[in-house]
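From just these sequences and the hints, can you work out the full model?
These protein sequence lines map, in sequence, to chains A and B. By our numbering, the letter at position 231 of the first sequence is numbered 231, and the numbering carries on one by one without gaps. By our numbering, the letter at position 262 of the second sequence is numbered 262, and the numbering carries on one by one without gaps.
Simulated from the structure, these hints should not be mistaken for lab results. Note that the structure is predicted; figures quoted are calculated from it, not measured. A few of these clues could be false.
What the hints assert, rightly or not - A few chain B residues that don't get close to chain A, going by computed Cβ distances all over 12 Å: (1) LYS18; (2) ILE66; (3) LYS112; (4) ALA131; (5) ALA176; (6) ILE220; (7) ASP239; (8) LYS257.
Claimed, not checked - Straight line, CA to CA, 30 Å or less: simulated DSSO-like cross-link-like pairs of lysine-lysine: (9) LYS228(A) / LYS114(B); (10) LYS109(B) / LYS228(A); (11) LYS187(B) / LYS134(B); (12) LYS156(A) / LYS17(B); (13) LYS134(B) / LYS228(A); (14) LYS308(A) / LYS134(B); (15) LYS156(A) / LYS18(B).
Cβ atoms here follow ideal geometry from the backbone N, Cα and C, with glycine treated the same way.
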Amino acid sequence: MSTASLASELGSVRDLPICAQPAQTVTSHPSTSAETMQTIHTPSPTAVPNARRTALRDGTQRVLRAVIPPILGFALLILIWELVSMKTKGIPGPLVVWHAAVALFSDPFYSNGPNDQGIGWNILSSLKRVAIGFGFAAAVGIPMGFLIGRFQFLNKALDPLISLLRPVSPLAWLPIGLLVFKKADPAATWTIFICSIWPMILNTAQGVQRVPQDYMNVARVLNLSEWKIITKILFPSVLPYMLTGIRLSIGTAWLVIVAAEMLTGGVGIGFWVWDEWNNLKVEHIIIAIFVIGIVGLLLEQLLIQLAKRFSYENA
Amino acid sequence: MKPLVQIEHVGMQFDTKKGPFVALSDVNLQIREGEVVSLIGHSGCGKSTLLNLIAGLTLPTDGALICNGREIAGPGPERAVVFQNHSLLPWLTCFDNVYLGVERVFGGKESKAKLRERTQAAIEMVHMAHAASKHPGEVSGGMKQRIGIARAFAMEPKILLMDEPFGALDALTRAALQDELIGVMQKTGATVVMVTHDVDEAVLLSDRVVMLTNGPAATIGEILEVNLAKPRNRLSLADDAEYIRCRQAILEFLYQKQLKKAA
Ligand SMILES: Nc1ncnc2c1ncn2[C@@H]1O[C@H](COP(=O)(O)OP(=O)(O)OP(=O)(O)O)[C@@H](O)[C@H]1O
Ligand SMILES: [Mg+2]
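Set out below in structure tokens:
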């Protein structure tokens, strides 16, 4: 909302608190209540609807301001897409894709054998791989992050290793996974594990190192047991950092799973993209791009909400 | 009477990037049981350093500190600290913050119900019962400091250490909390060491005011006895001769004898 319009609305919105305030003082002076009550209530029939109307107008304006720019953005995207599809053979336009999507999502959970399953199953099995790989990464990475954050020696020992391995694309680890697990499915999960573990370790360790000294002083003065220190001080203050690690991990995991599945095959959204490419169903590939984007967005939002729940305004 | 805390030839040297820095040197002080002592001095002279030494949060590089007949080798609940910035844990309610200390001190010997009772009593003592279930982020700065004080008192420490407990508060809130503290100290007969910047606060609250010289190598310059009956009332003290004498003595020390060169 622009400041100019805010200022212009402010005058009328102010009515609300002004007529609300005497009502509060009434409760503390019961002797004069009957008298004051009347003087308050006389102007209210006109004042309240007035304020409510401006509040309503204010609300709709805010919604419009929030909604219009994204709509314009999407419209621009669709326009460019339409133009490109008209000029380029093989790229379907928005309308074609829309109809294909309606057909596809009318039956997302069919199953005709392992190589022909509904898009719903494909998304779910990709998510399952991400969940498993990520789960293992959290189980290993969070404790490791705590240890590295708490013990300087471990930090110095492992820091160069992590710095060396972290920039490696997780796909480079796929052959190792195939070699060790002899099967495609766990190998894909293995790449997720590899790419998820670094942000988990690093963010947790950073969180532990940044626990405010004040809190540790409290722990020392109260002479808390190591268990209490972990549960009452370390864990809660590291939690926001850990959630950041989780968010980054899941973000990358979702990026990597598509590529990994293209290489390993099976059921999954990444493999599905590859399959539709072989079938030359380009509209399905475009649908997949949107689906991947939307799922990634939802995961991110979910974790942001979770992080908000556990962040402490410390003022 | 034997002093509760003995500070003997204590020196504190910090290793900094620019080489060793002597913050305190040859500090000698005895604190009796039930006494309220305030430490006053210019910023950076070493008040917090001395308080942290008594708390055991840091150990002296010279001399020794003895509490209750034993050398202070680390922090412990018999020397509770009220931190300048309250240091409440933001994820615990006010009640749970106080309970954490109570549980630690009395947990082995008393039932859960008794522990909760103690916590509740401490919170009521600082008039915070209405906000016990709130988180520190939801109450004002003065209220947080009250809870910090309740946490310290609830542990029934041998000695209570406060580092500028009201330094971050506005004048009105500070006065209200000082009065509250006077009441609590009166009720419990606590031994208190308090760091302050505020001359009036020092005179109003303490039995003795310990004035530190400017650092580096700060030490005790003068000790002033405040011979005012307790409980004290800030209004009636305003033109009390002894009050004015004490105030004058501290101001003289700070602004004539230890005038800080423009830093
Ligand atoms: N951990 C440390 N390492 C190095 N120097 C330190 C350390 N702690 C304190 N000092 C130095 O010791 C001196 C005394 O510090 P201290 O914090 O005790 O002062 P203070 O009297 O409490 O000041 P203020 O009133 O501003 O809180 C300062 O010069 C400070 O820079
Ligand atoms: Mg200080």
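_Pair hint LYS109(B) and LYS228(A), alpha-carbon separation not exceeding 30 Å_ = Distance of about 18 Å is within 30 Å: holds.
*Compute the least Cβ-Cβ separation between ILE220(B) and chain A, then decide whether it is above 12 Å.*
Its Cβ never comes within 12 Å of chain A, the nearest being 25 Å, so this holds.
*Closest CB-CB distance from ALA176(B) to chain A, is it above 12 Å?*
holds, 20 Å
*Separation of ALA131(B) from chain A, once the least beta-carbon distance is taken, above 12 Å*: Holds: least Cβ distance 15 Å, greater than 12 Å.
_Whether LYS112(B) stays farther than 12 Å from all C-beta atoms of chain A, as the label says_ = Its Cβ never comes within 12 Å of chain A, the nearest being 16 Å, so this holds.
*asked:* If we take the beta carbon of ILE66(B), is the closest beta carbon in chain A still more than 12 Å away?
replied: The claim stands: ILE66(B) keeps its Cβ more than 12 Å from every Cβ of chain A (closest is about 19 Å).
*Are all C-beta atoms of chain A more than 12 Å from that of LYS18(B)?*
holds, 22 Å
_Against the 30 Å threshold, does the CA-CA distance of LYS156(A) and LYS18(B) hold or violate the hint?_
Holds, because 25 Å separates the two Cα atoms, which is no more than 30 Å.
*Hey, LYS156(A) versus LYS17(B), does the alpha-carbon distance stay inside 30 Å?*
Distance ~22 Å between LYS156(A) and LYS17(B) Cα, so the pair holds.
*Over 12 Å to the closest beta carbon of chain A is the bar; see if ASP239(B) clears it.*
Consistent with the label, ASP239(B) stays out of reach of chain A, its closest Cβ about 36 Å off (over 12 Å).
*Straight-line Cα separation of LYS134(B) and LYS228(A) no greater than 30 Å?*
Holds, because 21 Å separates the two Cα atoms, which is no more than 30 Å.
*asked:* Between the alpha carbons of LYS228(A) and LYS114(B), is the straight-line distance 30 Å or under?
replied: With a Cα-Cα distance of about 20 Å, the restraint between LYS228(A) and LYS114(B) holds, given a limit of 30 Å.
Going through the hint list in order, the structure satisfies each hint without exception.
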